[in-house]
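**Q** Residue numbering for the sequence shown follows our numbering, starting at -17 and increasing by one per position.
What the hints contain is simulated information worked out from the structure, not anything from laboratory work. Predicted model only: the values in this text are computed from it and were never measured. Glycine is no exception: its CB is placed at the ideal position from the N, C-alpha and C atoms. It is possible that part of the hints are untrue.
[Claimed, not checked] In silico DSSO-like pairs for lysine-lysine, Cα to Cα no more than 30 Å straight-line:
(1) K2 to K314
(2) K314 to K61
(3) K324 to K314
[Claimed, not checked] Computed Cβ-Cβ distance ranges for the label pairs, DEER-style:
(4) D356 to T159: 37 to 43 Å
(5) S104 to V386: 32 to 38 Å
(6) I363 to G193: 33 to 39 Å
(7) G403 to Y263: 21 to 27 Å
(8) S156 to E361: 27 to 33 Å
(9) S416 to T251: 34 to 40 Å
(10) G180 to T141: 23 to 29 Å
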Amino acid sequence: MKSLSFLCSIFLFCSSLSSKEPQLIPTGYQPLAIHAVADTIHVFCNGNDIDFDGVYEPLSGEKPAMWYIYDANTNVPVKAIIMQNGYFDVPFRPGLSSTRLYLPRQNKIEVYDLSTQELLDSSLLQLPDQKSKITGIHVVSTQQSGVSNDVALALSHKTSFTEPGQIEIYSLISRQTLLQKEVGINPQMIRTYKNLLGQMEFAVLCEGTFGGRNSALYVINTASGTGEPNMTILELGDTGNHFIIQDQLALTVMNGSHEIIPVNLATKTVLPSISVGTSGYDGPREIIVDTMANRVYISTYASDIRIGSFTDGTVIGQWFPKGKPEGMAFIKNSLWVCNAFKSGDYVPDSTIALFTLDESTSIQERAVLSLEADISMHEGICIIKSQLKGEDIDYTVMNTKGTVVSQGTFNGKEHRLSFLGLPYGVYVITLNSSKLSSSTLVIFRD
-17 MKSLSFLCSI FLFCSSLSSK EPQLIPTGYQ PLAIHAVADT IHVFCNGNDI
33 DFDGVYEPLS GEKPAMWYIY DANTNVPVKA IIMQNGYFDV PFRPGLSSTR
83 LYLPRQNKIE VYDLSTQELL DSSLLQLPDQ KSKITGIHVV STQQSGVSND
133 VALALSHKTS FTEPGQIEIY SLISRQTLLQ KEVGINPQMI RTYKNLLGQM
183 EFAVLCEGTF GGRNSALYVI NTASGTGEPN MTILELGDTG NHFIIQDQLA
233 LTVMNGSHEI IPVNLATKTV LPSISVGTSG YDGPREIIVD TMANRVYIST
283 YASDIRIGSF TDGTVIGQWF PKGKPEGMAF IKNSLWVCNA FKSGDYVPDS
333 TIALFTLDES TSIQERAVLS LEADISMHEG ICIIKSQLKG EDIDYTVMNT
383 KGTVVSQGTF NGKEHRLSFL GLPYGVYVIT LNSSKLSSST LVIFRD
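Working from the sequences, and respecting the hints, build out all of it.
**A** Put into structure tokens, the structure is as follows:
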């Protein structure tokens, strides 16, 4: 995890980063999400349901929901299908893996082959309550001999906009529900991560009621050893819309209060909020972090992408995608942005904005610029073993409040750093050489 010192008002605007002119790629109406697999890019577009009845009516001038596949090398569409079973839900939270699309349809889940777009199962799972609505799906996969296998689905569902919802873990092996637990109002997004003990935990973002300041992140650990999963509720505020997890840090996008609220998942604490600077109905939508370039990108309905430093809190600037942006993805050396609506309006757009990243921050080049180091803790002494020889390496140790507690430089393959005298807890060690960098979480305890 990168330095936590970015937790200050990085979105008080200036334009220290010159605005880029995007390349616009045509796509279907109202693109919502982008998913890259190998050399293909999947774009999901929600069309234009003019009367909001969920039924595609071409004679009324409506546009259908569509699924496009682009060649990642040429940015040219190679396949496209009309989604015959209707429009997508917004927020759009399907389950996506390297081989499958798990699409929520009211109280059912449709399964599609990702490469052929073939519908494999129209009802993989059906909730018994006809009033139930599946609001989000996350795929749990395992790696075996370099091959990814989908083993379970984590799904959220609700029967009301004002009552608590549910999270359910469904096994794709046994086709049985493994766990079901009540969560907050309007659950709509799920992610998994490994805690510091290597256990899988499920994070569920519950939107709450708009203006009710009752949005929360529910964190569930199923490896409690008691037979009953442990659940931590982290209160966030007004209308959580999206979140990402980078190591042990969750960044939640609050659409109602126009903030980013960080959550330290290692300590299960909510950190100070960050104002995005939007207002009204032009709030923040989604967030993406480029950890190698230390940048945070946030799409907003103010028709811009807001950019901040993930390392030192400095303001970088904003980019204008020529529409109201929604989903984003890093693909090769570009940031792809879905323009869901036209700039300054709520008429569906039909373009994807591509922003080319600087050569110095190219995704492809930066992918190898990680400083390889083995870091271990033994009786209060942190042992750092690097792969570099004869080069100065700067180190910084930071606590969970973003305070630097130790820093310095060493030269050689191994360095011993004493934590004696520091409070027990979680720390972030960041290493930097002339060209390489890395960050690692360590626990100092008795």
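**Q** If a hint holds in the structure, say so; if it does not, say that too.
**A** We went through each hint and held it up to the structure:
no., hint, in the structure
1, K2 to K314, "holds, 17 Å"
2, K314 to K61, "holds, 20 Å"
3, K324 to K314, "holds, 26 Å"
4, D356 to T159: 37 to 43 Å, "holds, 41 Å"
5, S104 to V386: 32 to 38 Å, "violated, 55 Å"
6, I363 to G193: 33 to 39 Å, "violated, 51 Å"
7, G403 to Y263: 21 to 27 Å, "violated, 51 Å"
8, S156 to E361: 27 to 33 Å, "violated, 44 Å"
9, S416 to T251: 34 to 40 Å, "holds, 35 Å"
10, G180 to T141: 23 to 29 Å, "violated, 35 Å"
Of the numbered hints listed earlier, those contradicted by the structure are 5, 6, 7, 8, 10.
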